[in-house]
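One letter stands for each residue in the lines below.
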Amino acid sequence: MKPAKAIASLPPIDDRIRDAVLDVTARLKDQPGALLPILHGVQNALGYVPEETIPLIARELNLSRADVHGVVTFYHYFRTHPAGQRIIYLCRAESCQSMGAAKLEQHVKQRLGVDFHQTTVDGTFTLEPVYCLGNCACSPAMMVDGQLKGRMTPESFDAWLLSEAK
Amino acid sequence: MSVTVYVPCDASAVSLGADAVAKAIECEAGSRNLDVHIVRNGSRGLYWLEPMVEVATPAGRVAYGPVQVTDVMGLFDADFLHGGVDVLKLGLTEEIPWLKSQQRLTFARVGVIDPRSLDDYLAHDGYRGLAAALKMEPAAIVQAVTDSGLRGRGGAAFPAGIKWKTCLDASADQKYIVCNADEGDSGTYSDRMIMEGDPFVLIEGMTIAGLAVGATRGYIYLRVEYPHAQRALQAAIDTAKARSYLGDNICGSGKAFHLEVRMGAGAYICGEETSLLESLEGKRGQVRFKPPLPAIQGLFGKPTVINNVITLATVSIILDRGPAFYRDYGTGKSRGTLPLQLAGNVKQPGLVERAFGLSLRELIEGYGGGTATGRPVRAVQVGGPLGAYIPASQLDTPIDYEAFAAIGGMVGHGGVVVFDDTVDMAAQARFAMEFCAIESCGKCTPCRIGSTRGVEVIDRIVAGDAAEKARNEVLLRDLCQTMVAGSLCALGGMAPFPVLSALDHFHEDFAREKQQEPS
Chain A
1 MKPAKAIASL PPIDDRIRDA VLDVTARLKD QPGALLPILH GVQNALGYVP
51 EETIPLIARE LNLSRADVHG VVTFYHYFRT HPAGQRIIYL CRAESCQSMG
101 AAKLEQHVKQ RLGVDFHQTT VDGTFTLEPV YCLGNCACSP AMMVDGQLKG
151 RMTPESFDAW LLSEAK
Chain B
167 MSVTVYVPCD ASAVSLGADA VAKAIECEAG SRNLDVHIVR NGSRGLYWLE
217 PMVEVATPAG RVAYGPVQVT DVMGLFDADF LHGGVDVLKL GLTEEIPWLK
267 SQQRLTFARV GVIDPRSLDD YLAHDGYRGL AAALKMEPAA IVQAVTDSGL
317 RGRGGAAFPA GIKWKTCLDA SADQKYIVCN ADEGDSGTYS DRMIMEGDPF
367 VLIEGMTIAG LAVGATRGYI YLRVEYPHAQ RALQAAIDTA KARSYLGDNI
417 CGSGKAFHLE VRMGAGAYIC GEETSLLESL EGKRGQVRFK PPLPAIQGLF
467 GKPTVINNVI TLATVSIILD RGPAFYRDYG TGKSRGTLPL QLAGNVKQPG
517 LVERAFGLSL RELIEGYGGG TATGRPVRAV QVGGPLGAYI PASQLDTPID
567 YEAFAAIGGM VGHGGVVVFD DTVDMAAQAR FAMEFCAIES CGKCTPCRIG
617 STRGVEVIDR IVAGDAAEKA RNEVLLRDLC QTMVAGSLCA LGGMAPFPVL
667 SALDHFHEDF AREKQQEPS
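Sequence lines, in order, name chains A and B. For the first sequence, counting from 1, position 133 maps to 133 in this note's numbering; every step adds exactly one. For this note's numbering, add 166 to where a residue sits in the second sequence, where the first one is 1.
Read the hints as simulated data drawn from the structure, not as lab findings. In this text the structure is predicted, and so the values were computed from the model without any measurement. Just so you know, even glycine gets a beta-carbon here, dropped at the ideal spot from N, CA and C. Mixed in with the good hints, there may be bad ones.
[To be verified] With a straight-line cut-off of 16 angstroms between C-alpha atoms, the simulated EDC-like cross-links for lysine to aspartate or glutamate are:
#	chain 1	residue 1	chain 2	residue 2
1	A	K103	B	D590
2	B	K468	B	D339
3	B	K635	B	E674
4	B	K635	B	D625
5	A	K29	B	E447
6	B	K513	B	D587
[Claimed, not checked] Taking CB as the label site, the calculated pair distances span:
#	chain 1	residue 1	chain 2	residue 2	range
7	A	V144	B	L200	46 to 52 angstroms
8	A	H117	B	S419	47 to 53 angstroms
9	B	D670	A	P12	55 to 61 angstroms
10	B	G535	A	V144	29 to 35 angstroms
11	B	G535	A	Q31	46 to 52 angstroms
12	A	S163	B	A651	49 to 55 angstroms
13	A	N62	B	H424	31 to 37 angstroms
14	A	Q85	B	E303	19 to 25 angstroms
15	A	I13	B	A633	56 to 62 angstroms
16	A	S163	B	T588	29 to 35 angstroms
17	A	V144	B	A571	56 to 62 angstroms
18	B	K189	A	P11	48 to 54 angstroms
19	A	A26	B	G535	52 to 58 angstroms
20	B	H424	A	S163	41 to 47 angstroms
Modelling step: build the complete structure from the supplied sequences, incorporating the hints.
What follows is the structure, given as structure tokens:
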């Protein structure tokens, strides 16, 4: 990557977001290959990597905006727009397919009224596909807030949804 | 007297309610005024019996499973703390035939020990491999790995010793050990089990690798889908540092090795070694041209050994017991054991570590007990999403690298996904191309464009009449050939394998006339 030329001025950015980013970059920018850990840090702090943080991150790491934009958009996990309060990662890889993942996927989409990469109208859930959660001995699988669930069925999904609504 | 009860903290066991079971046992013991010490072990890998609870008795550990919260009171009533009889009782864990018939070398401690306890690790032969390595010259360590016949367990099966020798012979001011823990293949979870159930064995293996090639710094590149493994590794690294098994002066030897976990971000391609290195450097995970080999110019341009979790974790026992001990297992050029992962539509899924040479049928029918749905097995995908679909007629193929290559398949990372006779193989072929299109890094044209065209051509085959089907099948086979021969890495180069195997062995699924839409 080529170092960026000094940027005289950065686009306007919300103070809260700016502080969160600078807090992360101050901690992590000196380690080798710092960009991914920094993007994880920003997403952990803000829930996403806002577009307007890209010039700031680029400046802090002495990279071009294009470099940072390229990395953010390469990885499925990083998002440039806020998600719902909770993200449901539904596995659609082969092992889960062999145990009815397609049917489960259809049910979940219908139940939440969203397709993959979309958020429910009330802003509660975002649905994302994932290709393997390593729970292939207990397929089909899904993960919510780092909590893994196995042997999911349309019925157990509904039961889970109901328990979450309480 | 306190009774020790084991409840796995393995992510899969937790996905079936193990945390709640552990809590319920603690509460119930408290209310009955019984002294119970709960250890959160890894999983023994008998996943149809998870959450599997074990109780330490004078006769040995007694297993109960699958245990749900609602079973806990009944277990106490049956006096399970003293091995009492219950419908869930499985007997002595070590005597369960499914487990007893295995040859667990890499997985010797997984499910047995407390993964957070370094003392438990040491009490079960841990760090003996490192102790041996510290007394050896670097070249002798590399020679031991070469002599063991160990080949890369990530999928490519390249001899580990040769990779290490190349790195050892390269001279540089800094070298690196990188562990590929981006276990993205569907149907595989052995890396996850090791990292969660015996993280010190991986740390030990990487430290030995560092001594062998003269690397003082290591990275574990872990996929973001594995938060449980991340916590387990971080805790183990912190402990190892505090007890001088990592740091500037390992065990007082004056040798240094530093280790760090780095998280991926949901890109399957980063399991490819050069793209993983790009990602570790903070870049887009795009595949590099080879040469130069990573062993000569790898991470940050420095000589780097990059191996899979299982490969590195196995180095510990090779150094402890000697290369001959390991090499004596296995068959032909496939030496040692392979942790196979039974997954998908199978009655008894789980981790089966056996010497190479076991047949696929023995694995699926013997260990697996057939399909979970009770229907006949129709297809088996071995080696992840880039592995060929193997028809039921080829189940007698022995599991070794060469035998699988001979039938156009690959052992890969040892994942075995079973499908029953309801599977639509044209849909599976389409998915293989779709997955390749989603996960392609975009660097080479055959993979980036070919995968999308592949989806379209398969759609035309499925939807078309006989003439259209025939025309497009020629096109699809031609496209597959281009991808196999012209792609830069295994993603585009092997995604055609499941497609072609589906075409060759399950042609009827493509030949079906399209159902008329009801008017």
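Handout entry: K189/B paired with P11/A, Cβ distance criterion 48 to 54 angstroms
Key = holds, 49 angstroms
Problem - Proposed proximity, D625/B with K635/B (alpha carbon, max 16 angstroms) - result: Holds, at roughly 10 angstroms.
Exercise for the section: With respect to the beta-carbon atoms only, verify the hint that G535/B and Q31/A lie 46 to 52 angstroms apart. Expected result: For G535/B and Q31/A the Cβ distance comes to about 48 angstroms; the hint holds.
Exercise for the section: Could you say whether the range 56 to 62 angstroms given as a hint is met by the Cβ separation of I13/A and A633/B? Expected result: 60 angstroms Cβ-Cβ, so the 56 to 62 angstroms window holds.
Problem - Distance restraint hint 29 to 35 angstroms, applied to the beta-carbon atoms of G535/B and V144/A - result: holds, 31 angstroms
Problem - Beta-carbon spacing of S163/A to T588/B - inside the hinted bounds 29 to 35 angstroms or not - result: holds, 31 angstroms
Handout entry: 31 to 37 angstroms as the expected CB spacing between H424/B and N62/A, which holds or is violated
Key = violated, 25 angstroms
Handout entry: Restraint status (C-alpha distance of K103/A to D590/B at most 16 angstroms)
Key = Holds, because 14 angstroms separates the two Cα atoms, which is no more than 16 angstroms.
Practice task
Take the C-alpha atoms of K513/B and D587/B, compute the straight-line distance between them, and say whether it is at most 16 angstroms.
Solution key: holds, 15 angstroms
Handout entry: Range hint 47 to 53 angstroms (beta carbons of H117/A and S419/B) holds or violated
Key = Once the Cβ atoms are compared, 51 angstroms apart, the range 47 to 53 angstroms for S419/B and H117/A holds.
Exercise for the section: Could you say whether the range 52 to 58 angstroms given as a hint is met by the Cβ separation of A26/A and G535/B? Expected result: Because 56 angstroms falls inside the window, the suggested range holds.
Handout entry: 16 angstroms limit on alpha-carbon distance, applied to hinted pair K29/A and E447/B
Key = holds, 12 angstroms
Of the numbered hints given earlier, the model fails hints 7, 13, 14 and 17; all others are met.
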